[in-house]
Each structure stands twice: as structure tokens, then as C-alpha cells.
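**Q** Sequence:
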Amino acid sequence: GGARATDGADIPHTGAVVATLRYMPPERFRGWSDPRSDVYSLGLTLYEMLTLRPAFEERDRHLLLKEVLSDGPPYPRSLNPSIPRHLGRITLRAIHKDSRKRYSTAGEMAADLACFQAGAALSVGAHRVSLAPARTVRTR
393 GGARATDGAD IPHTGAVVAT LRYMPPERFR GWSDPRSDVY SLGLTLYEML TLRPAFEERD
453 RHLLLKEVLS DGPPYPRSLN PSIPRHLGRI TLRAIHKDSR KRYSTAGEMA ADLACFQAGA
513 ALSVGAHRVS LAPARTVRTR
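The working numbering numbers the first residue of the sequence shown as 393 and each following residue consecutively.
Calculated from the structure, these hints are not laboratory results.
Some clues are possibly wrong.
To be verified - Simulated crosslink set (EDC-like; lysine to aspartate or glutamate; CA at most 20 Å straight-line): (1) K493 / E419; (2) K493 / E450; (3) K489 / D463; (4) K489 / E449; (5) K489 / E440; (6) K489 / E500; (7) K489 / E459.
For clarity, every value in this text was computed on a predicted model and none was experimentally measured.
Start from the sequences, fold in the hints, and give me the full structure.
**A** Laid out in C-alpha cells, this is it:
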């Protein structure tokens, strides 16, 4: 998530929030954050590690904001079918647009990651965690 001086999408202007837009949680654009906001950014990092691409790839600032605020990234397993289903669910819960549906803390997410690693039951359980709305994969 490092800043890049390419087309200006990551260059702050006067009065701008200084951060990498593609890793900012939706609630931050509404002027608030809490520990679930950090979980969101951590979840996006996990998403990128699993899929080998950012969740939001748009380079134009306005279109990027639309993606972050409205669109969901492609499901991780649609990009890499070898991602274990439960690991995909952990990732999706961490990056849910609705902060109330995310892990409350990074510790809670870490507990599910430890359960996944040990083959134990996750707090995400068998219910389907989804992004709303999901996008289809764009090919280039």
C-alpha cells in the first residue's frame, strides 16, 4: 500500500486525508474509524497476499473511491481457486463493507486464523460471508 507518484491517484492535495485510498475502510470516508477499520486494512493486505493483486485496482481517484465505497472486490477464490474456503471466508469477513459484520478486533481475526491453521472450527462458521455487491473478475 505504499504511495506511488504515477498518475496522481495517491498524491494528496490540500485538505486531503493522507493515506493510501485503496486500503482505507468505507467508514473512514464518513469521518470515523474504530478497531474494525484496522481489521479492514489488514484484511485487504491478506486479500492481496492470497490473490497476488489488490482488491481495488482502479487508478482514477474518483473511480477508486466508487470501488471502495460501493463495489466489492472479486471473491478471492474466483481469482485463485486453490485458496482454502475457510481462509477466503476469514478474508471476506475482514473486508466486509459493513463494519458491524467484520471482526471486532485484529485479535479476533487472529484467533480465527489460528483456528484455520489448526483445522478447528472458525467463528465465521458454516454461514456464508459475502461482500455486497461482488464484482466479476475483469480480464485484461
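**Q** All hints, please: hold or fail.
**A** Hints versus structure:
1. For the hint pairing K493 with E419, the CA-to-CA distance comes to about 13 Å; that is within 20 Å, so the pair holds.
2. Under the criterion of a C-alpha separation no larger than 20 Å, the hint pairing K493 with E450 is inconsistent with the structure, at around 25 Å.
3. Distance hint between K489 and D463 is fulfilled; the C-alpha atoms sit about 9 Å from each other, no more than 20 Å.
4. Of the pairs offered as hints, the one joining K489 and E449 holds, with about 17 Å between alpha carbons and a cut-off of 20 Å not exceeded.
5. Between K489 and E440 the CA atoms are separated by roughly 17 Å; this keeps the pair inside 20 Å, and the hint holds.
6. For a cut-off of 20 Å, the pair hint linking K489 to E500 stands: about 18 Å separates their Cα positions.
7. With a C-alpha separation of about 11 Å, the suggested pair K489 and E459 falls inside the 20 Å cut-off, and the hint holds.
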